[in-house]
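K.L.:
Heads up: the protein sequence lines correspond to chains A and B, in order. Using our numbering, the first residue of the first sequence is number 1, and each one after it goes up by one. Using our numbering, the first residue of the second sequence is number 1, and each one after it goes up by one.
Please note that a few of the clues may not be correct.
Stated by the list, open to error - Here are the simulated EDC-like cross-link-like pairs (lysine to aspartate or glutamate), alpha carbons at most 16 Å apart as the crow flies: (1) B/Lys40 <-> A/Glu39; (2) A/Lys42 <-> B/Asp38; (3) B/Lys44 <-> A/Glu2; (4) B/Lys41 <-> A/Glu39; (5) A/Lys108 <-> B/Asp38.
To be verified - Some residues of chain A that are not near chain B, with every Cβ distance over 12 Å (derived): (6) Leu11; (7) Ser18; (8) Ala19; (9) Asp27; (10) Val54; (11) Glu56; (12) Ile62; (13) Thr65; (14) Asn67; (15) Thr69; (16) His72; (17) His76; (18) Asp84; (19) Ser85.
Hints are computed from structural coordinates only; laboratory data are not their basis. By construction, the Cβ of each residue, glycine as well, lies at the ideal position given by its N, Cα and C atoms.
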Amino acid sequence: GENVEQHPSTLSVQEGDSAVIKCTYSDSASNYFPWYKQELGKRPQLIIDIRSNVGEKKDQRIAVTLNKTAKHFSLHITETQPEDSAVYFCAAGNSGGYQKVTFGTGTKLQVIP
Amino acid sequence: DTAVSQTPKYLVTQMGNDKSIKCEQNLGHDTMYWYKQDSKKFLKIMFSYNNKELIINETVPNRFSPKSPDKAHLNLHINSLELGDSAVYFCASSGDRGRRAFFGQGTRLTVV
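In isolation and in its complexed conformation, chain B is listed as follows:
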């Protein structure tokens, strides 16, 4: 069973479109995250939710909007996609206040 799963795995879309990435964890963790990994492999946190409450919001354009309907799900909606949004987006979860994080398989977003 996949602990942290995100869909889709690949997403190719045109500039200006709006897209969503979904994430679900079945580990019973309270904290979930979105990370962005660029072409140089830098891993940068974007958002963190604890029990559906936003607790970390890094300097991310407001075109990115996370939504957590319950503590097992954290989705990411991106409006007006730009070329620079192309990256791999990882969802992760943690059961101990942000320490040992379990990552999803990633969503490779390509904006053309």
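Pulled out of the complex, with its shape left as it was, chain A reads as follows:
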């Protein structure tokens, strides 16, 4: 089955700096890579996703990159703000049949004002 590793487990940045979270996956059949943000005590919410037919996707201050050859994908948050503080999860899955996504172990991001 799919195995997703996520690093770092915790990340502290100054407000205004950039934050990068990296994930690797094991199953070369995976072609869908969502990222979820979970604020303290809240539900995980999808913030961005990417499919394997593109290498990069951007939405305002967040961007995701994918390297299928190396089986790496990353989340980049620029100009971080205190409200970006949360746990971020990467995930990987494939679109064949009724697929499931496998989640990474999460990164706790703290943005220091």
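Chain A is fixed; fit chain B onto it per the hints.
P.N.:
Relative to chain A, chain B alone:
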């Protein structure tokens, strides 16, 4: 309007009891899930249903039994609760075969 709602939000119960968590979605999605999030925040899928049919059943003790009376509902019944069952249980739904998942607010289960 809440898209995916689950009840109760908090559940405190004694070891050995049987309890149920209910989940409903009003998004018209075909696929619903149960996830378990432990104290270390790991999110692990337990079950997935598509149009009332079980399609994913991870290695979960058979004390856990999901039931889907229709595609808008997926309930989770847990028998003989154990201390290790304490966690937050999230229901989720998806309209596109398991991709963009919408989560419920979670049920924090504490077994004492």
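K.L.:
All hints, please: hold or fail.
P.N.:
Going through the hints against the structure:
1. B/Lys40 <-> A/Glu39: holds (14 Å)
2. A/Lys42 <-> B/Asp38: Holds, at about 14 Å.
3. B/Lys44 <-> A/Glu2: Judged against 16 Å, a Cα distance of about 12 Å means the pair holds.
4. B/Lys41 <-> A/Glu39: holds (12 Å)
5. A/Lys108 <-> B/Asp38: Since the Cα atoms of A/Lys108 and B/Asp38 sit roughly 15 Å apart, the hinted pair holds (cutoff 16 Å).
6. Leu11: The assertion about A/Leu11 holds, with a minimum of 14 Å to chain B.
7. Ser18: holds (23 Å)
8. Ala19: A/Ala19 is indeed farther than 12 Å from all Cβ atoms of chain B, at 18 Å.
9. Asp27: holds (14 Å)
10. Val54: A/Val54 is indeed farther than 12 Å from all Cβ atoms of chain B, at 15 Å.
11. Glu56: Non-interface label stands for A/Glu56: nearest chain B Cβ at 19 Å, farther than 12 Å.
12. Ile62: holds (16 Å)
13. Thr65: holds (19 Å)
14. Asn67: Per Cβ check, A/Asn67 is outside 12 Å of chain B; nearest 20 Å; holds.
15. Thr69: holds (23 Å)
16. His72: holds (20 Å)
17. His76: holds (20 Å)
18. Asp84: holds (17 Å)
19. Ser85: A/Ser85 clear of chain B: closest Cβ-Cβ about 14 Å, beyond 12 Å.
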